[in-house]
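*Asks:* Sequence:
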Amino acid sequence: MEGPLPLTVVWLTGLYFSGLKKPFVWLKSTEFKFLKMINDAGREIPEKIEGLGSVRPFRKLTLGRSDQKRNRANIKKPLITERVPRISKNLEGAISRSGLKNRDRISFHHHLRLGDSVVEQVLFLLEQMGYRELILCVSSVMGPATAAVLRAVRGGVIRRIETTGLKSPLSEALQAGEIPEPVIFRSHGGRARAIENGETPINLAFIAASEIDREGNMTGTQGINRFGSMGYAIVDAENAFYVIGLTDSITSRPLLHISISACFVDEVVELISIGSKSQIAGGSIRISRRPVEKLIARRAVQVLAAAEVIKPDFSYQSGSGGISLLVTALLKEYMMKNEIVGSFASGGVTGNLVDLMRDGFFDLLWDVQSFDDKAAVSLGENPSHREMSASLYANPENPGCIAHKLDVMILSATEIDRDFHVNSITGTNGRILGALGGAPDTAAGASLTIVVLPSFRGRIPTVNHRVQTVCTPGNTVDVLVSERGIAVNPQREDLLRCLNDSGLEIFPIKELVRKVHNLTGEPDQPIAGNRIRGVVEYRDGSILDCIRS
Numbered sequence: 190m191e192g193p194l195p196l197t198v199v200w201l202t203g204l205y206f207s208g209l210k211k212p213f214v215w216l217k218s219t220e221f222k223f224l225k226m227i228n229d230a231g232r233e234i235p236e237k238i239e240g241l242g243s244v245r246p247f248r249k250l251t252l253g254r255s256d257q258k259r260n261r262a263n264i265k266k267p268l269i270t271e272r273v274p275r276i277s278k279n280l281e282g283a284i285s286r287s288g289l290k291n292r293d294r295i296s297f298h299h300h301l302r303l304g305d306s307v308v309e310q311v312l313f314l315l316e317q318m319g320y321r322e323l324i325l326c327v328s329s330v331m332g333p334a335t336a337a338v339l340r341a342v343r344g345g346v347i348r349r350i351e352t353t354g355l356k357s358p359l360s361e362a363l364q365a366g367e368i369p370e371p372v373i374f375r376s377h378g379g380r381a382r383a384i385e386n387g388e389t390p391i392n393l394a395f396i397a398a399s400e401i402d403r404e405g406n407m408t409g410t411q412g413i414n415r416f417g418s419m420g421y422a423i424v425d426a427e428n429a430f431y432v433i434g435l436t437d438s439i440t441s442r443p444l445l446h447i448s449i450s451a452c453f454v455d456e457v458v459e460l461i462s463i464g465s466k467s468q469i470a471g472g473s474i475r476i477s478r479r480p481v482e483k484l485i486a487r488r489a490v491q492v493l494a495a496a497e498v499i500k501p502d503f504s505y506q507s508g509s510g511g512i513s514l515l516v517t518a519l520l521k522e523y524m525m526k527n528e529i530v531g532s533f534a535s536g537g538v539t540g541n542l543v544d545l546m547r548d549g550f551f552d553l554l555w556d557v558q559s560f561d562d563k564a565a566v567s568l569g570e571n572p573s574h575r576e577m578s579a580s581l582y583a584n585p586e587n588p589g590c591i592a593h594k595l596d597v598m599i600l601s602a603t604e605i606d607r608d609f610h611v612n613s614i615t616g617t618n619g620r621i622l623g624a625l626g627g628a629p630d631t632a633a634g635a636s637l638t639i640v641v642l643p644s645f646r647g648r649i650p651t652v653n654h655r656v657q658t659v660c661t662p663g664n665t666v667d668v669l670v671s672e673r674g675i676a677v678n679p680q681r682e683d684l685l686r687c688l689n690d691s692g693l694e695i696f697p698i699k700e701l702v703r704k705v706h707n708l709t710g711e712p713d714q715p716i717a718g719n720r721i722r723g724v725v726e727y728r729d730g731s732i733l734d735c736i737r738s
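Residue numbers are given in our numbering: position 278 of the sequence shown equals residue 467, and the series is strictly consecutive.
There's no promise every hint is true.
Claimed, not checked - Taking lysine-lysine pairs in the BS3-like style, the calculated list, with each CA pair at most 30 Å apart, reads:
no.	residue 1	residue 2
1	Lys278	Lys237
2	Lys278	Lys249
3	Lys356	Lys237
4	Lys225	Lys249
5	Lys237	Lys225
6	Lys526	Lys249
7	Lys278	Lys290
Calculated from the structure, these hints are not laboratory results. From a predicted model like this one, the values you see are computed outputs, not experimental measurements.
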């Protein structure tokens, strides 16, 4: 067949991909000829993506848990043992000595959350120094940092962003096409994996610490702006080619708690301020007071009890959403009544979890991010409250991965669909609202993963036929709990038997979708363009979904 075709012709056939028969779609038109693949989440993924090159589509049989093998690249220079890091107040000089070049990759952490001022200070200076087209690899972007990153994008300093989430106004800029290359969304475990195996080598890591000693050791538990765990930054420090520690508190006394050893630090720069610890608890961290959300939390605990997972030595994690935090509070009541002591709680740690440990309900806390000052203080004082890197927390290639040892995971979400796919980045209307966080990692690792969410928000349904963006694949999600009912993934026949025998009312998820849409009507579908603006990676580096506009 020769010459242009008046219509796009689509042939659907099969091919062997990684040993499995999977469909692909071959498109031929007047302007292009390329291969597109349908992944196991049912999403169309191009063969190549700008900034990433050739990509792998997500497959349900992707290696996970103990099947995954560690693939750590030797990308970090030898440990610094012959000298202490240089300490100065000249950030420009430190950057110049780092050897940073245009188009290199820089990194930051977001442990200061809404109180961070380091990102803004550094990006402004990089622009003044004339740097262009850098890749920004950040654990997340929140608060004033979002506006600072947007200014750097518009000024040509940043060409690509790699993150777990975005907030306004940066999120609107993504969907408007202002960011030159697609934003890469990675889970916390996926980011750690990509850094450690050399997939995303960091040329220069800017690491804020609340206090640094004269030898260059870093902590987040001391100083005027203590923020607790430095879990996301540990991976950066251990693997970046050059590390600059930034602090507003340098001490001559030994640190009581060292998060990052001086052997990973090249230079230390003292700033006037790294931010404000008063803003650490901002963002999505809140205890719910809404009656509907309290009902959902109570039902979630009932599901846990019926599934018989709240038992001696069980392990637990909840998300940072209001319902998830309320589940933790109600869980304490159940454990007290039944005299149960768990082995550990993990993830982002709040004062509520600290109280659970201090009151004897958990033996240990694993802390990758401290969500309030109470948690930050506890980490520095209590030996049973332990800091963990993002790699130990959630890297699928780490044999000690804590996420793989979880019995229970409580997830928040923006929406869920009939296949139990979970969306946590965009809303039903397609707007970017949140982040991946550690949800894909913990859902894959936990024995029981429960999604808690109201069935609609402001007349917009959250239980739908198809989520706008797949963030956590449905084959790793076990139960949906909403105020309209409970649904169990049909793959979990064991859970269905337990919950049906408990007297709880269980609905097929398609029935819940019908009930919700009868109340709200079918949601309006946002019009997506053809340009890929964002890419959602699964924790193993395969592609789950694309955000288009």
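*Asks:* Against the 30 Å threshold, does the CA-CA distance of lysine 278 and lysine 290 hold or violate the hint?
*Replies:* Roughly 22 Å between the alpha carbons, so the hint for lysine 278 and lysine 290 holds.
*Asks:* If you draw a straight line from the CA of lysine 526 to the CA of lysine 249, is it 30 Å or shorter?
*Replies:* Violated, at roughly 40 Å.
*Asks:* Tell me if the straight-line CA distance from lysine 278 to lysine 237 falls inside 30 Å.
*Replies:* Not OK: lysine 278 and lysine 237 at ~44 Å, beyond 30 Å, violated.
*Asks:* Given the hinted pair lysine 225 and lysine 249, is their Cα-Cα distance within 30 Å?
*Replies:* Between lysine 225 and lysine 249 the Cα gap is close to 18 Å, so the pair holds against 30 Å.
*Asks:* Taking only the CA atoms, is the gap from lysine 237 to lysine 225 under or equal to 30 Å?
*Replies:* Given pair lysine 237, lysine 225 holds - Cα atoms ~9 Å apart, limit 30 Å.
*Asks:* Taking only the CA atoms, is the gap from lysine 278 to lysine 249 under or equal to 30 Å?
*Replies:* With a Cα-Cα distance of about 50 Å, the restraint between lysine 278 and lysine 249 is violated, given a limit of 30 Å.
*Asks:* What's the verdict on lysine 356 and lysine 237, does the C-alpha distance respect the 30 Å limit or exceed it?
*Replies:* With a Cα-Cα distance of about 27 Å, the restraint between lysine 356 and lysine 237 holds, given a limit of 30 Å.
Hint compliance for this structure: hints 1, 2, 6 are not met, and every other hint is.
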